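Colleague: Sequence:
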Amino acid sequence: MASSLGEVLVDEGIITKTDLEEALSRRQGTQESLGDLLVRMGKLTGRDRVWAMSRLYRVPFVDVAQTPISPEVARLLPHATAVKLTSLPVERRGDALLVVMADPTDVTAIDEVSRATGLRPEPAIGVPEDILEAIFRVFGTGDDLSRVIEQALSDRESQPEEAEPESSAVTQLHELAEGPPIIRLVNVIVSQAIAERASDVHLEPGKEDVQVRIRVDGVLRETMTLPKDLQAATISRIKVMASMDIAERRAPQDGRLTLVAHPKEYDVRVSTYPGVFGESVVMRILDKSRSRIGLEQLGMPEPLLEQWKTLLLQPHGFLLVCGPTGSGKTTCLYAGLNLLNSGEKKIITIEDPVEYQIPGITQAHVNPRAGLTFASGLRSIVRQDPDVVMVGEIRDTETAEIAIHAALTGHLVLSTLHTNESAGAVSRLLEMGIEPFLMASSLVGVLSVRLVRLVCPACAQPPEPPPSLLDRLHLPAPHSPQAGYRQAAGCPLCTQTGYHGRSGIFELLVVDETIRDAIMSRASAAEIQARAVANGMTTLLQDAVERARRGETTVEEVLRVTASLAS
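In our numbering, the protein residues as written are 146 to 712.
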């Protein structure tokens, strides 16, 4: 019987002995787990890792996403405990309770389940993300949230009116923010957002209530409405957690906090903005495990993936990732850094802000008040003898010039630029005043990226896409042998949206002699794009259309994301 995760993975044929030896070599001198490292290297999926751990620990593996769960059995464990332990009861046999857990070896968690249920837990293992989603499907936002709001309102009514001096009002807000009902309310808001895979939580005060919306797979949707009476206390609680000044309500503020939803940690960036009806609050939820994402997990087609790896492994040059805000640019850069972070290279970044912390890499936030901008930080970085430099964004001519000179003097420089297409990055740099000969000598590639929602595998249906959309996107008819279209229907797994998860669509412009000649002649973005396509480049629209044809996403989603490119 295998005695380690690595042995199980090799015995089951999931990875090779060579893969294991490479991972063990890269792991020396680090605290990263073998499973996390293999996932980051793209040798292993999270699901395969959990399945292998079930073999190692000799406990059942439960595919929670595909297992019918009785609400009566699941609710034997309180909602807060289920979220805290990432555990959910799935079957009762007399006094025994089969509990799917993220970590079935956690004796403390097993004891806590036993105390909470009064039954004898039999631990199984499941994918943590699937367990959290199942918890949300079971508990939802129904009577549990209603009771929390009722308790918070009752606690609010028992407090004296916000009186007289400002200092008194601030003291009362502190007391309310530290009260158990408000603490529980905020915990429910955040835990349900995490369970639904939300990237952002928005609290938006109105004239008569507070709307709470979350962004899932890039799309906002309303989840609950809070009474106006709870606005001040709820926002104050969030500000206290993020170490912000609750007395300041007239100016924007930024804060940060860390949440633990076993077995994961989340960084939460908090931003407030003074609106007409009170402070609007946005909480950006960052899963720390995302810092270990590998290139293979981005969804790149295999030929493009190999091209991008080749560019990343060059000893020097300037590489750009472009796209609008929220298109996945930073995730692509982090995946590239994970590929390069082998311990043999000095990697330094300057970011605004540092979204994910990666062991083995020197990372810094920009701090304009202290004089640390992208440009000044980049000047200092090149004096640190780095091999690889990552600049969060090219925002001005000075930063662009320093980055290009760093690439010309033997560094690999990675950065982002806000343009719609890869060819547009060249035009943007020329507009900034970068000399064509400098760009032609340093720029080696531009990757353009967008994110499309994937069809939920549990409820996808064969559709009849409107002929007008098919014609616009140059797609084959629904009954063609080449067509595998699917339609987003909606089910409990995807919270009735029809979509579950996102994947990147890509366009990689490789700077060869043809493109260099175009740069030197200050060719337009359209001409550069045409030359790149003639050289074999797959455009963003073409990649997205292929995803729809294979049934990975829908025709409507392709048009939503690439409308400006399809016209």
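These are computed hints drawn from the structure, not numbers from a lab. Be aware that a few hints might be false.
[Unchecked claim] Listed below are the simulated EDC-like cross-link pairs for lysine to aspartate or glutamate, each with C-alpha atoms no more than 16 Å apart in a straight line: (1) LYS433 to ASP399; (2) LYS188 to GLU167; (3) LYS229 to ASP193; (4) LYS409 to GLU441.
[Unchecked claim] Ranges between beta-carbon positions, derived for each pair: (5) ARG617 to THR250: 34 to 42 Å; (6) GLN296 to ARG395: 42 to 50 Å; (7) GLY239 to GLY420: 23 to 31 Å; (8) LYS454 to ARG661: 15 to 23 Å.
Only a predicted model underlies this, so the values are computations on that prediction, with no experimental measurement involved. All residues carry an ideal CB built from backbone N, CA and C; glycine is no exception.
Colleague: Could you run down the list of hints and mark each one as holding or not?
Modeller: Taking the hints in turn, this is what the structure says about them:
1. LYS433 to ASP399: This hinted pair is violated, its Cα atoms lying about 19 Å apart.
2. LYS188 to GLU167: Holds. LYS188 to GLU167 sits at ~11 Å (cutoff 16 Å).
3. LYS229 to ASP193: violated (24 Å)
4. LYS409 to GLU441: violated (22 Å)
5. ARG617 to THR250: 34 to 42 Å: violated (54 Å)
6. GLN296 to ARG395: 42 to 50 Å: Violated, at about 31 Å.
7. GLY239 to GLY420: 23 to 31 Å: violated (55 Å)
8. LYS454 to ARG661: 15 to 23 Å: holds (22 Å)
Of the numbered hints given earlier, the model fails hints 1, 3, 4, 5, 6 and 7; all others are met.
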